[in-house]
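2 protein chains.
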Amino acid sequence: MGAPPAGRPGEATALGCTVVAMGSGVGFSVVGIEHPHVFELVEGLLTAGAHEVGHAGDDGPLMELYEQWRADSPRLDVPAALGHDAADLVVVAGVPAERAGHAAAALRAGKHVLSDKPGVTTLEQLDDVVDAERSSGRRWWVLFSERFGNRAVSEAVRRARAGTIGRVVDVVGLGPHSLLADQRPDWFWDPATSGGILADLATHQIDQFCAIADPADTAVVELISSSVGNVSCPDRPTMQDVGRVMLAANGVVGTHRVDYLTAAGLGSWGDCRLMITGTAGTLEVRANVDPAGADGGEHLIQVDADGTHRIDVAGVELDWAARLLADIRAGTDTLMTAAHVHRVCRLAVTAQTRARPWPR
Amino acid sequence: MGAPPAGRPGEATALGCTVVAMGSGVGFSVVGIEHPHVFELVEGLLTAGAHEVGHAGDDGPLMELYEQWRADSPRLDVPAALGHDAADLVVVAGVPAERAGHAAAALRAGKHVLSDKPGVTTLEQLDDVVDAERSSGRRWWVLFSERFGNRAVSEAVRRARAGTIGRVVDVVGLGPHSLLADQRPDWFWDPATSGGILADLATHQIDQFCAIADPADTAVVELISSSVGNVSCPDRPTMQDVGRVMLAANGVVGTHRVDYLTAAGLGSWGDCRLMITGTAGTLEVRANVDPAGADGGEHLIQVDADGTHRIDVAGVELDWAARLLADIRAGTDTLMTAAHVHRVCRLAVTAQTRARPWPR
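Chains as they are written, first to last, in this note's numbering: chain W, 1 to 360; chain D, 1 to 360.
It should be emphasised that the hints constitute simulated quantities derived from the structure, not laboratory data.
Here the structure is a predicted model, which means the values were calculated and not measured.
One thing to keep in mind: the hints can contain errors.
[To be verified] What the simulated footprint calls covered on chain D by chain W, stretch by stretch (three residues with Cβ under 8 Å from a Cβ of chain W suffice, anywhere in the stretch; the number is not a length):
(1) 167 to 179
(2) 217 to 231
(3) 305 to 316
(4) 344 to 354
[As the list claims (entries may be wrong)] Heads up, incomplete: computed chain D residues facing chain W, CB under 7 Å, no partners named:
(5) Val95
(6) Thr255
(7) Ala263
(8) Ala264
(9) Thr277
(10) Thr279
(11) Ala292
(12) Gly296
(13) Gly297
The beta-carbon is built from N, C-alpha and C at its ideal position, and this holds for glycine as well.
Only chain W is shown next, with the shape it has when bound in the complex (with noise of 0.2 Å):
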């Protein structure tokens, strides 16, 4: 869990003209203010150039932050900030189980829709958002962040998809969080509201799988196995705290964990690894630290023919809200197709659906 940013996103920045006229004219609501991811999302439209024009969601510590980081957008009850005119875009980032809601009833009003992963958290939500999207002809966007936030997965995906390391063989992905049980809110520990860890956190990994190994979003994806368990969290029978994903295609197995299990002595609220086995080389991303080793986050390592190399990513833009906006604008598909986001959430909830138990 992020803090939210120090700045004023919006604000004049060294950039602030050209972002805010590329931006501008592009308007968007908020519904739901339960996750500190929202900071993340808002902070990137507004860097982008679009405006808030008003946000809805329930009382609490993280209302109260958001209301002082936002002290001039209005608070609007959810039908007013679903369908507010001004508002092209609706950002979705409520309890997990109320955001396809959210979305299906935006997307039918005619908006577009940014949500916090998870977008769904059952099939049947899944298939109601993607018909009210079709039906509607708006978009409906998961920000992934922890692949279209991190400079260093963005770069390892980019030059796993260019043959930078050859035909890609295999992906190990790592997701590990810190639990913080004493800053969670309840919908946290119930796999009813938050989803369950597949669900919710693999979105990330899955996201990572498919954007490497299928580029193209055409390939079957075949989920082999998948499975949850509850490890470290004897006192809250339904959480779950560890979970594995084992996915192919085209010729790649990716394996992924995600767990709650990050020790208080990290540093970081996970250590996320992307390990990326390629017929001439590998990538490999230290994605938010590298203990006890290199300092700072975003650690990419290539070893191909020539050698050992480390990669400055300092140079990559992390630029998904600008292009978020040019395709709301354009009606353009330059962040993500549909079908990849689709696939994601998919897969992530048909895992966590046919998860078996964490062997004892």
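Using the hints provided, position chain D relative to the given structure of chain W.
Positioned in the frame of chain W, the structure of chain D alone reads:
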């Protein structure tokens, strides 16, 4: 494939007198000089004070290298090496598919056996060796050198067993190797002689998983899935250059990949990794190399409630040979149990036999 050691093992060292005195009385012969591991096995035994009574094997570049290194060792025929009066132990390092036959013959001749891995390539071979072991009262060890020859792996396993990171939940083991196509003998390319990539390479990762998840050798280890493929050797149709095996025991899931895809620029024969997740922290081993990171090998990183720690493993003793010789002399069981050796070999061969094709 390591080079033969530079010095003359068994010659005087700082600890020479003690070591020789402890190990004196154990003579060994060598049958099969088909993999550079034989140098590691023999060097370990000599350094621990055993003495070589002779060696047998086919002509070839490796035999030439061996006879330059061990100029005082008499060349024997195989029956003479297996039944040498002065040998208490036979070191087996021939063509993998022939090792079990040599091991069983040696056991039935009243010798102990130290085998390079893979010790067996079929379940029938395993049954025969175990039968010979039981009827003779002698012992058959397979040296899983990625653990017993690496201080970081040894120490990680010790810490995991000691509860340093709480209850272990998950293990990821990666064992990539260099293909080195122009240095490989004919038997390497055919699973009928090599055993296949899982029966051969993955024994290391299976050894590590079992040693971590079930040190008592009492649990049932479940083979969840396995697969093998050929992704880089189109002109060698029988070759397997990538494989995966997933295991579970005692609430621990283990996911393991082995391959021959290491890029030439790595500067090591492979980038072996071991990542252990517990309820109270993680242990991460970069066994051979930390690509584009810290120098050297044997990197062990522990994350716990107190912080991230790079563990200095310089003081960890690689004492497999001393323990083996002590076990031979005293009939003790300090190196590893017979049950462990049998289980690892059975799992590896079973994973190999049941492997599905790598997804296309």
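Hints, one by one, checked against the model:
Counting residues of the segment 167 to 179 of chain D whose beta-carbon sits less than 8 Å from any beta-carbon of chain W gives 6, enough to reach three: the coverage restraint holds. Interface restraint, the segment 217 to 231 of chain D with chain W: holds (6 residues with C-beta to C-beta distance below 8 Å; minimum three). Coverage of the segment 305 to 316 of chain D by chain W holds [criterion: at least 3 residues with CB-CB distance below 8 Å; count 6]. Counting residues of the segment 344 to 354 of chain D whose CB lies closer than 8 Å to any CB of chain W gives 0, which falls below the minimum of 3, so the coverage claim is violated.
Checking Val95 of chain D against chain W by beta carbon gives a least distance of about 27 Å; that is not within 7 Å, so the hint is violated. Hint on Thr255 of chain D holds. Least Cβ distance to chain W is approximately 5 Å, under the 7 Å limit. A cut of 7 Å between beta carbons decides the hint on Ala263 of chain D: the least distance to chain W is about 4 Å, and the hint holds. Interface hint status for Ala264 of chain D: upheld, as the beta-carbon distance to the closest one in chain W is roughly 5 Å, under 7 Å.
For Thr277 of chain D, the interface hint holds, the least distance from its beta-carbon to any beta-carbon of chain W being 6 Å, beneath 7 Å. For Thr279 of chain D, the interface hint holds, the least distance from its beta-carbon to any beta-carbon of chain W being 5 Å, beneath 7 Å. Checking Ala292 of chain D against chain W: minimum C-beta separation of about 4 Å stays under 7 Å; hint holds. The restraint placing Gly296 of chain D at the interface with chain W is violated, with a minimum CB-CB distance near 13 Å, outside the 7 Å limit.
Checking Gly297 of chain D against chain W: minimum C-beta separation of about 13 Å lies over 7 Å; hint violated.
Hints 4, 5, 12, 13, counting from the list given before, are not met by this structure.
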